[in-house]
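Student: Which chain is which? The protein sequence lines are H and V, in order.
Here my numbering is used: the first residue of the first sequence is 5, the next is one more, and so on.
Here my numbering is used: the first residue of the second sequence is 199, the next is one more, and so on.
Simulated from the structure, these hints should not be mistaken for laboratory data.
A hint or two may mislead.
List of simulated lysine-lysine pairs, BS3-like, C-alpha gap at most 25 Å [to be verified]:
hint, chain 1, residue 1, chain 2, residue 2
1, V, K882, V, K1045
2, V, K903, V, K980
3, V, K911, V, K980
4, H, K70, H, K25
5, V, K903, H, K52
6, V, K1136, V, K1123
7, V, K1118, V, K1090
8, V, K911, V, K992
9, H, K70, V, K992
10, V, K898, V, K992
11, H, K88, V, K992
12, V, K994, V, K980
13, V, K1118, H, K70
14, V, K994, V, K898
15, V, K898, H, K25
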Amino acid sequence: MLHIYCPYCEEYREEEEFRPKGEAHIARPAEPEATSDEAWGDYLFFRKNPRGLHHEQWYHAAGCRKFFNATRDTVSYQILETYKAGQQPTVSAAASGKKVAK
Amino acid sequence: MSQRNRLEQGGRIDRSRPLRFSFNGVGYQGFAGDTLASALLANGVDIVNRSFKYARVRGIVAAGAEEPNAVVQLGATEASQVPNVRATQQALYDGLTASSTNGWPNVDRDLMGVIGKVGGKFMPPGFYYKTFMSPASMWPKYEKYIRKAAGLGRSPRERDPDIYDHINRHCDVLVVGAGPAGLAAALVAARAGARVILCDEQEEMGGSLLDSREPIDGRPAADWVTAVLQELGAMPDVLLLPRTTANGYHDHNFVTLHERRTEHLADLAPLQNGRRTVRARMHRVRAGQVILATGTHERPLVYANNDVPGNMIAGAVSAYIHRYGVVPGQRLVLSTSNDHAYRAALDWREAGREVVAIVDARENPDGDLVAEARKRGIRIIAGSAVIETRGSRRVSSALVARIDVAGFKVRGAVEELACDTVASSGGYSPVVHLAAHTGARPEWRDDILGFVPGKVKGLIPAGGVNGVLTLADVLADGVEAGSRALIETGYRGVAVRLPEVRRVREGKAAALYQVPHVKPAMRAPKQFVDQQNDVTAAGIELATREGFESIEHVKRYTGMGFGTDQGKLGNINGMAIAARCLGQTIPETGTTVFRPNYTPITFGAIAGRHCGEFFDPRRYTALHAWHVERGAKFEEVGQWMRPWYFPRGNETMHEAVQRECRAVRENVGILDASTLGKIEIQGKDAREFLNRLYTNAWTKLDVGKARYGLMCKDDGMIMDDGVTACLGENHFHMTTTTGGAAGVLDWMEMWHQTEWPELEVYFNSVTDHWAAMALNGPNARKLLAELTDIDLSKDKFGFMDWREGTVAGVPARVFRISFTGELSYEINVQANHAMHVWKALFEKGEKYGLTPYGTETMHVLRAEKGFVIIGQDTDGSVTPEDLGMQWCVGYKKPFSWIGRRALSRPDTKRTDRKQLVGLKPLDGKLVLDEGAQIVLDKEVKIPMPMVGHVTSSYFSPTLGHSFALALLKGGSQRIGQTVYLPMADGRVHAAEVVSPVFYDPNGDRHHV
Chain H
5 MLHIYCPYCE EYREEEEFRP KGEAHIARPA EPEATSDEAW GDYLFFRKNP
55 RGLHHEQWYH AAGCRKFFNA TRDTVSYQIL ETYKAGQQPT VSAAASGKKV
105 AK
Chain V
199 MSQRNRLEQG GRIDRSRPLR FSFNGVGYQG FAGDTLASAL LANGVDIVNR
249 SFKYARVRGI VAAGAEEPNA VVQLGATEAS QVPNVRATQQ ALYDGLTASS
299 TNGWPNVDRD LMGVIGKVGG KFMPPGFYYK TFMSPASMWP KYEKYIRKAA
349 GLGRSPRERD PDIYDHINRH CDVLVVGAGP AGLAAALVAA RAGARVILCD
399 EQEEMGGSLL DSREPIDGRP AADWVTAVLQ ELGAMPDVLL LPRTTANGYH
449 DHNFVTLHER RTEHLADLAP LQNGRRTVRA RMHRVRAGQV ILATGTHERP
499 LVYANNDVPG NMIAGAVSAY IHRYGVVPGQ RLVLSTSNDH AYRAALDWRE
549 AGREVVAIVD ARENPDGDLV AEARKRGIRI IAGSAVIETR GSRRVSSALV
599 ARIDVAGFKV RGAVEELACD TVASSGGYSP VVHLAAHTGA RPEWRDDILG
649 FVPGKVKGLI PAGGVNGVLT LADVLADGVE AGSRALIETG YRGVAVRLPE
699 VRRVREGKAA ALYQVPHVKP AMRAPKQFVD QQNDVTAAGI ELATREGFES
749 IEHVKRYTGM GFGTDQGKLG NINGMAIAAR CLGQTIPETG TTVFRPNYTP
799 ITFGAIAGRH CGEFFDPRRY TALHAWHVER GAKFEEVGQW MRPWYFPRGN
849 ETMHEAVQRE CRAVRENVGI LDASTLGKIE IQGKDAREFL NRLYTNAWTK
899 LDVGKARYGL MCKDDGMIMD DGVTACLGEN HFHMTTTTGG AAGVLDWMEM
949 WHQTEWPELE VYFNSVTDHW AAMALNGPNA RKLLAELTDI DLSKDKFGFM
999 DWREGTVAGV PARVFRISFT GELSYEINVQ ANHAMHVWKA LFEKGEKYGL
1049 TPYGTETMHV LRAEKGFVII GQDTDGSVTP EDLGMQWCVG YKKPFSWIGR
1099 RALSRPDTKR TDRKQLVGLK PLDGKLVLDE GAQIVLDKEV KIPMPMVGHV
1149 TSSYFSPTLG HSFALALLKG GSQRIGQTVY LPMADGRVHA AEVVSPVFYD
1199 PNGDRHHV
């Protein structure tokens, strides 16, 4: 069971309070009607599944009800950072020297 | 009753407290402090089981968790049956009842034993699959008999009367294992003031110190254990958990500890003040640092017929003598690759029994223990090993030969030594299991001939598991680990004096994993690597020859280290054998993955209190007591208990539902609608948010009005629906489906927080705060008028309006919305006023024939109107247009709302998508099965294209015939056609495709 630091509550809480919401930083196209079918399909359905660092969205469902992001190593399950929605990660695959599948 | 192997004195047992027990139906006696295994050995019971595959007789091999054979079924009654208990870990209590898990009809005469003996050579890995593979259709039959013959523990057929629970814990330092390293580490951490949990799987804490020959501070090691435990036990921030196995090591230092609280006392947990105490408890520990002090498991040597009862690991011999005062035989031969195992021979001699010989694989053994053995005149045969034991039900002799370890061959004459016990030691494998649970691969160390834990954040291995083997070093390593844990958790360490221990000089051990035989492994008698899974050296060799090169594949092909065993005794030997056969080194071959649980735990402990009524929480409306009193039948919706129907007298469900339907259509009925999800939405951008969330437009909804809305996901598929009312310019009251309430709130939060944080809008769930009562039927207005100050006239309070006022004297919001097609008022009051209002309605309602109705009637009435239920008539692949609800889609809204873009994808524009239609069975009495598949061809030939399915189906008393809703490919173009519904029993029903609105298509009934 993961131990997750909620950047809003500013404390570690048990995974049972959270729900994973998949890959983070997926922006909805600003002008959906001007987006091609293919690009819209990519936005809807295509997600990364890296071996290594993954920026992902979590929801403190049984806590503050805030959405935030985490950078997690999908091999070791270590969480390297959590940060608020709208912020950018400080740990990236390139910086850590880890490979991230494209 | 004789305990012929029991010593007159010694051991940590209480001879003044004899205990009776039964094994395989035979009564025996042991003493308080015994394990089931030590008591069986004391009584001279050699055969404790039949092996899993070959059904060979098996005896006790070890003294702890690593025991492969003495795995028993426990329980005096059917309800208290516990499978897969290791006799070596089960404390004896008076009246204990156990039996072997394998062996049919019994362990002494076993049917499979004959097959195993005769056919043993012909049962290589994959035997069953290779032999019984054809015809494939017969496999289920073969399997049934094979499983019966193989046998494993069985679960009880009656309800377990015991209770179990869970407890969450946090600590700075969790120490797993209370041997020398664990005790030293715990002491260091505790003295510095850290919160410490120390757990140990055995009956008594102390680990190897309980059978140690080496004094600590000049006194028996066990005295030091007692003193340390006393000091720790007196500290308020230290929790000592004996009989507690760390069964799983999970992410981020989360460790589950399985504490057996009463299993050493009785068959069932004892009563306390008339209530059963907790049998087992799962501690869910989040630890700052975990000190792993799990020690080592001694590796047995792999030689021919090494499974005949009387073959044991050397350390177990010492443990039985020192801890239980039991010498498990008369004449011992010790076969070893190292010095440490010499203790077994010295202990045996001191217990007054004969040591025939120590057979040492090394050419020149020369440590302190070797010298002591020589001094006592014990015969030492160097450069040799026991290559085979003889005996059918107990060892009768050992074959000893000079061996060439590096060349893997026997190089001299074979000598036969008469004996009844062969103790063997091939070295010490660190117990890395827990560290490996997290996925960290163990790392091989040539200097200790074993794997040590891979690096895990927050984990500090100490003592044996860290590759530190002599007592003095183990204690020092424990102190070091404790100090490191303090630094990591932010405590200041305190100086701890290391206890004085005599240093025992030990010579270098030989790397011996499989003893060569005069015959090649494939022809020699079986050399067992994993006795629990009946895996032999020849089986591993065969697996590598058949092309299994990955150790994980070898494991799966042979079964090595499977199941409850988890590779405790056999894995290192097995990997080494695979490595030799593949011409690789051991680190190249690597280890298999160890998984939780370390030893079997009961399902009860996993479930804890989450069983029975606590399995899934139930939610009740404020009117529940009334429904119960009225004899309602309930159904679970989400977690809610909703009245399903209210039978009168002996009414069947069908009769009750027909009556309730007629009451609503003809007079007035009432439904407890409190379970609908309710969400308050406030903020200056609330209206804009609704515009983006719902498919339809909300810009022009005035205060006092309500509107039906549909929600899609961004793929254009419907996810929920409901009515939302405008309470104020910046204030809305949303309703959702009963099951969708929590999900919709999350959905709204997600869009607001992650996509549109600039919108000023707030959401809150008010589902439980409001009770809702839906008054439906032609008499609804007359009845409500008697209880409210709200003007109910058609002009002042029209359809899809809501009004605030009082009902039965309490504040209420009344919504004029309808899910039945009748004149309807949905009365919302504060939940704690609900019962008062409900009763008042029934007081006044009697003269109007007010009838309570449940969800089933609600379903019939809404389906007659063609109103869908999201999740029943839709399945996540249905668009608003598929339901014919274009009227509810605001294509012209300026913002591209959630789902809008996807509705113009080519796939969502197809005209042959499944669309909602009505079905009218040609046989008007026939209620179609919900889920029935629809085909177009009357001549049902398999396979044929399925073009849709029935989503809702009922009998309508109002229409006088059965009807259904269905999703049908191109359905809107098929109105008037006949379709067919083949049933599993061969019948084929026919139905006419019609409009999904069966009743009052113009809505005249609610516009009154």
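Student: Against each hint, give a clear statement of whether it holds in the structure.
Tutor: Structure-based check of each hint:
1. K882(V) to K1045(V): violated, 47 Å
2. K903(V) to K980(V): holds, 22 Å
3. K911(V) to K980(V): With a Cα-Cα distance of about 42 Å, the restraint between K911(V) and K980(V) is violated, given a limit of 25 Å.
4. K70(H) to K25(H): holds, 12 Å
5. K903(V) to K52(H): violated, 45 Å
6. K1136(V) to K1123(V): Judged against 25 Å, a Cα distance of about 20 Å means the pair holds.
7. K1118(V) to K1090(V): Cα-Cα ~36 Å, so violated.
8. K911(V) to K992(V): violated, 37 Å
9. K70(H) to K992(V): violated, 44 Å
10. K898(V) to K992(V): holds, 22 Å
11. K88(H) to K992(V): Outside the cut-off at roughly 51 Å; violated.
12. K994(V) to K980(V): Holds. K994(V) to K980(V) sits at ~15 Å (cutoff 25 Å).
13. K1118(V) to K70(H): Judged against 25 Å, a Cα distance of about 49 Å means the pair is violated.
14. K994(V) to K898(V): holds, 19 Å
15. K898(V) to K25(H): Measuring from Cα to Cα gives roughly 34 Å; hence the hint is violated.
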